[in-house]
Every structure is written in C-alpha cells, then in structure tokens.
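Asks: Now for the letters of each chain:
Protein chains: 2
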Amino acid sequence: MTSTPLRLLGISGSLRKHSLNTALLQAAQELLPPDVSLTLHPLNDIPLYNGDLESSLPEAVSAFKHAIAQSDGLLISTPEYNYSIPGVLKNAIDWASRPAYKSPLAHKPVGILGASPSPYGTVRAQDHLRHVLAAVHAYALPHHGLLLGGANQKFDEHRHINDPSTRERLQVFLADLASWTRRFRTPHHP
Amino acid sequence: MTSTPLRLLGISGSLRKHSLNTALLQAAQELLPPDVSLTLHPLNDIPLYNGDLESSLPEAVSAFKHAIAQSDGLLISTPEYNYSIPGVLKNAIDWASRPAYKSPLAHKPVGILGASPSPYGTVRAQDHLRHVLAAVHAYALPHHGLLLGGANQKFDEHRHINDPSTRERLQVFLADLASWTRRFRTPHHP
Chain A
1 MTSTPLRLLG ISGSLRKHSL NTALLQAAQE LLPPDVSLTL HPLNDIPLYN
51 GDLESSLPEA VSAFKHAIAQ SDGLLISTPE YNYSIPGVLK NAIDWASRPA
101 YKSPLAHKPV GILGASPSPY GTVRAQDHLR HVLAAVHAYA LPHHGLLLGG
151 ANQKFDEHRH INDPSTRERL QVFLADLASW TRRFRTPHHP
Chain B
1 MTSTPLRLLG ISGSLRKHSL NTALLQAAQE LLPPDVSLTL HPLNDIPLYN
51 GDLESSLPEA VSAFKHAIAQ SDGLLISTPE YNYSIPGVLK NAIDWASRPA
101 YKSPLAHKPV GILGASPSPY GTVRAQDHLR HVLAAVHAYA LPHHGLLLGG
151 ANQKFDEHRH INDPSTRERL QVFLADLASW TRRFRTPHHP
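In order, the protein sequences belong to chains A and B.
Residue 190, in the working numbering, is where the first sequence stops; the numbers in between run on with no holes.
Residue 190, in the working numbering, is where the second sequence stops; the numbers in between run on with no holes.
If you are wondering where the hints come from, they were derived from the structure by calculation, not from laboratory data.
Only a predicted model underlies this, so the values are computations on that prediction, with no experimental measurement involved.
Please note that a few of the clues may not be correct.
With a cut-off of at most 30 Å between alpha-carbon atoms, the simulated DSSO-like pairs for lysine-lysine come out as follows [what the hints assert, rightly or not]:
#, chain 1, residue 1, chain 2, residue 2
1, A, Lys65, A, Lys17
2, B, Lys102, A, Lys65
3, B, Lys65, A, Lys102
4, B, Lys102, A, Lys102
5, B, Lys17, B, Lys65
6, A, Lys65, A, Lys102
7, B, Lys65, B, Lys102
8, B, Lys17, A, Lys17
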C-alpha cells in the first residue's frame, strides 16, 4: 500500500529555550512514519488576542493561520501551567479559531502530547486542550499520546529521549496520528 | 458595625475597547458596598509568558503582580473563548502565579463574573477559571456571581446595565465578595 505524504505542523506550548515540550516535538521529528513530515511553528511572535484587531490581522497571526491551513494535521505538545494549558497556547488557539466554525482549525486532525517534570505528566492540561479543540471543531485523536511525567529525567544532554520505552510509545503514537490524519484529509487531498 | 476599607482589583479577560466584561466591571464600580473600592488593571501590556524571563521580569508583569499584592481581593470578569477562559487572562495568571504557592495570588480572595452574548453566559469559562485559581491557591468565592448571557442586550449606549434585576444581582454579589474578602484579610489588615 502506498501512502500519500502528510505534512504535520508541530506546536509547543512553551516558549522556553530548553522547553521539554519543544524537545519532545524535536524527538518526534526523528520517529515519524514514512512519508510524514513535521515542521515546528513557534508561538513567540503572536500578540495577545484582541478582537478589535480581527479586521487587520497581525502578521504573525496570519502566518500561523496559514501554516495551520497548509498542514494536514497538528501535533501539539503542551506543558501544564496551573492545572491547564499555558495562556500562550490558548491565546494562539483563540486567534486561529476565528472565524468561528470556519477557521483553519475546523476539521483539522490533532495529536496531543505533553511533558512535565511532575508525575502527573500534563494530564489536566491535555484534558483542557481536548475540550478547547472540541470548541473549534478540530478532531483530536481521542487517546493520550504521551503523558510524559518526570520528563526532566527523560532527555539526554543532546535533548534526545534516553528512555527506549518512551521512544517506542512516541513512535506508536505518531503512527496512530498519521492514520488518524489520513482519515480526515480534506477533499483537495484525495 | 464599622468596616475597614477594602481595595479590590478588577481584571477583565478581554482587551476589546467595547468589551462587555470591561463594561461589567465598570458597572460594578457604581454598585460597590460602602468602604469598598475597585480599580481596573488592564492586561494589554503583559507579554507572553516565558519562563526564561523569570529572572528579570518585564515591567508590566511586575506592575501587575504588585497591584495584586496591594489589593485585598480580585474581581475577574471573563469572556468565554472556545469553551474556556481567554489565553490573555490565562497568560496573566501564569505570570502572576510565580513563584508557585508563594505568588501574590496565593490566599487571595477572588470573585468571578462573566458576560457573553451567548445564552450560556460564560459558564464553562468560569468553571475553568475556578479550576485554575485552585492551582494558584487563591480563594474563589464559591458561588457564581453573574453568568450574564445575552449580555449585548443588557447595557445601554453609555455602557450602563439597563436591566434592574441584573444590576441587583451584581450588587448582591459585590456585597458577598466584600464579606468573603474580609474573611481572608491578611494579618497586616486586622
């Protein structure tokens, strides 16, 4: 069976240079199934959401929405801040969610990951993210990818995953996300 | 019975100039119990949270944290974006929540309001906000203040509440918040 190439867009919920969640996306880039690419899109330049600016979108917002529209699916890796997703990530979704129900997020397949030093592994953040993605009519892969607790112990000094079972779980999840994404390909990708 | 003066800090989750939630806080300023003041603190200048900047806080973040610390309690009015609180509001809380458990939000009494054109009146956003406030060890007044649905019909052209029952409910809630705040006054306000 041949498979059409898939373009995934990777979004980290943390802006920290040494973010565990960005490292997790970078690790994912090494573990993708054949014919799947993953490009990271940093959120650093996206301003605070203000509905008054909808009529003339800031450039970083247009670029973000365009990148989502051009992708076949998203892979979001989120830290957990205060029992939920970071404001930074929610803010980017708030921008991308417009116009309601017709945004680039509508009908977009999404895989959710999260890494945290805590033993809970971002489980509350991932549940909130799933709830928010339902609001924008995105299609989140229903099962958890990685609830990576103790994540500060799971990368080596080159930011590679040092734990074979974690690497394997990530690889399986990425294959699941590729299958999930192919189910929802938009009509112009038959 | 005499009561000591209370200083409340008002936070709107929307940056829109004609925000219904900002209007609701402005309406609250007219309906406060005796000896209670409410100062609004806009979130417009607060940058995206980045843990790398914790060692040298942006000025707008320091000012926000200082304003919280100087207040006796908070009154937050939140829109609902995508079934949750705006990223803008979550981002401000993420900054203010540091250092964990010892932030200016810890042990701070908070009243929650929300206005929306939708009939659901921000109920999901308010529930998420309550969950987030638990994470920062703030003390949210347990009952709902206003779940102000159809809010675009409830202000006149001067941004005053045009509905007597809404005005009355807000007034009762503000009295409840004042009592709640006095229960938790820090030791330097005996």
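Asks: Look at each hint and say if it fits the structure.
Replies: Hints and how they fare:
| no. | hint | result |
| --- | --- | --- |
| 1 | A:Lys65 to A:Lys17 | holds (23 Å) |
| 2 | B:Lys102 to A:Lys65 | violated (38 Å) |
| 3 | B:Lys65 to A:Lys102 | violated (38 Å) |
| 4 | B:Lys102 to A:Lys102 | violated (42 Å) |
| 5 | B:Lys17 to B:Lys65 | holds (23 Å) |
| 6 | A:Lys65 to A:Lys102 | holds (12 Å) |
| 7 | B:Lys65 to B:Lys102 | holds (12 Å) |
| 8 | B:Lys17 to A:Lys17 | violated (34 Å) |
Consistency note: the structure conflicts with the earlier hints numbered 2, 3, 4 and 8.
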